[in-house]
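A.B. asks: As a plain string of letters, each chain reads:
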Amino acid sequence: MASETMKEGKERYKAGVIPYKKMGYWEPDYKVKDTDVLAMFRMTPQTGMDPEEVAAAVAGESSTATWTVVWTDRLTACEMYRAKAYRCDLVPNTGEGTKTEAQYFVYIAYELDLFEGGSIANLTASIIGNVFGMKAVKALRLEDMRIPVAYLKTFQGPATGVIVERERLDKFGRPLLGATTKPKLGLSGRNYGRVVYEALKGGLDFVKDDENINSQPFMHWRDRFLYCMEAVNRASAATGEVKGHYLNVTAGTMEEMYKRAEFAKSIGSVIIMIDLVIGYTAIQSMAIWARQNDMILHLHRAGNSTYSRQKNHGMSFRVISKWMRMAGVDHIHAGTVVGKLEGDPLMIRGYYDTLLDTHTPVNLEKGLFFEQDWASLNKCLPVASGGIHAGQMHQLLTYLGDDVVLQFGGGTIGHPQGIQAGAVANRVALEAMVLARNEGRDIWNEGPQILQDAAKWCGPLKAGLDTWKDVSFNYESTDTPDFVPSATTSV
Amino acid sequence: MMTNSGNQITQGQFSFLPPLTDVQITAQIKYALKCGWSLSVEYTDDPHPRNTYWEMFGNPMFDLKDPAGILMEINNCRKTFPNHYIRVMAFSAVRGIESPTMSYIVNRPKTEPGFRLVREEAESRSIRYTVHSYATEKPEGERY
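In the order they appear, the protein sequences are chains A and B.
When you line the first sequence up against our numbering, it's residues 1 to 491, in that order.
When you line the second sequence up against our numbering, it's residues 1 to 144, in that order.
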């Protein structure tokens, strides 16, 4: 019973400081409501602290509490507004007898009325607003959230969504192919558009601005936009396919971003791009603009690793994925597994499921701690970018499936026979692998042979495979699952 | 003549591969049926990238689950329109998809002239682009 831990009436509201647990923020018997927002934190309490008390402090400070008792609580339905920590489990393989100090998974339920509808900014101001700096915790990480259907329905969701994006682009049944223009910085508009044209004509579906290409002295944004659209349209006429280039409209103010987005629309681009660093509210505004203007909205997750990579502090990328699907972007970079950036296969599958599923069941191996009904919000297309090449096609298709943009930047532009040849190599490798998978072949094991067979008639693929045959990025991930599948003994 | 790597239109899932044999097409049909999708055959003589609605060679075959029967429809379409573009499409009726899930070309005209890019100079340095299909200079049914 809550009353066993919580003081009541006059005693509870006496001026002074009492433990959070006794203020009503720890409620182990709490029955979660369908309309509650749920959050799960990985908490490392200060040495000697009672974990349940610290859990209650996290619940308190992310909802109604302050450090001392305030009588003004009694003017409100404060029992309802208090977040309730209802579960506190020792994390497997931490604490006594292990190399890692004790960590706890803390589950907290928040009343729906604590949040303003349709505002990621408001949601996050509560959930991650204050608690990460509390002295009572050594470290804290937001691992997962369950957003109730009632709250999801107050968000637009992805402006276009995977289904409509594929219909508009007329591309079905295979991953999309992209590349980021390289070098990231320094190309003039004219030279930049050359890269875009070559890659698209060669066979890619998209080319992309990098996150830090905005409007610098070497290339102002209007110049880039105009040359890129020349490249896109030339390539479309040369192939008979719809092509696109993510024009990055990230800028210093909303006014400037709207101006750039309007210009992109006026010259016929099908897609624009923004960076995560512009902030949640700006992202939501651009998503609304994108839906109103038939525009696909690509998000680069610039900056996320500052707070998502370390396992003991910050937040998991799966939570960012959830927020960004709510905020309304159509694409988000979500990891490659095999490329140069951080990523454990199961964790990344968890992010992909979060972005793509209509309903995500609990799956601890993938780091999915809550069941999530997506309430018909559009699907957000994951983008795999960073250090991937054609020789990994069987691994990419196995890990990431069809609904993904595979971005081969270096793997296209760095091809020994040129950019068009690089794009041909990637497209041939992709189509050969999809064909083989659909035929029922075991691409995980036969993949290298399937690629070699295609390379017999495709020179560019052969050259690409020879160049990158030994490139792999085998580093241990920092963000790994806490739960591994284990055989259960039958009784 | 088109100047891209295969000198041909590259719409669909498998345009970068050598033309699919009947055995390969049958394998793709089986895959679609295993996924619970319905197959459909469509043809056109206007392959403009935004020509969404190719002519249907009959409705999608919702009730036909026999790969050989579906291949027969594809081959009937090829016989009727030997010099058109023909594509096989798969449709999913599952909630959350309800859209095409496959699309691949199984027949092409003997020559593919491709497209001209028409530029209309607009204000400032902007250009309005139009992709014009050479084939559509002739009336429907008389192209290729």
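Read the hints as simulated data drawn from the structure, not as lab findings.
There may be inaccurate statements among the hints.
[Stated by the list, open to error] Below 27 Å or equal to it, Euclidean Cα-Cα: the simulated DSS-like pairs (lysine-lysine) are:
hint, chain 1, residue 1, chain 2, residue 2
1, A, K14, A, K171
2, B, K30, B, K65
3, B, K110, A, K456
4, A, K33, B, K30
A.B. asks: If you test the structure against every hint from before, which numbers come out violated?
C.D. replies: Checked against the structure, the hints that fail are numbers 1, 4, while the rest are satisfied.
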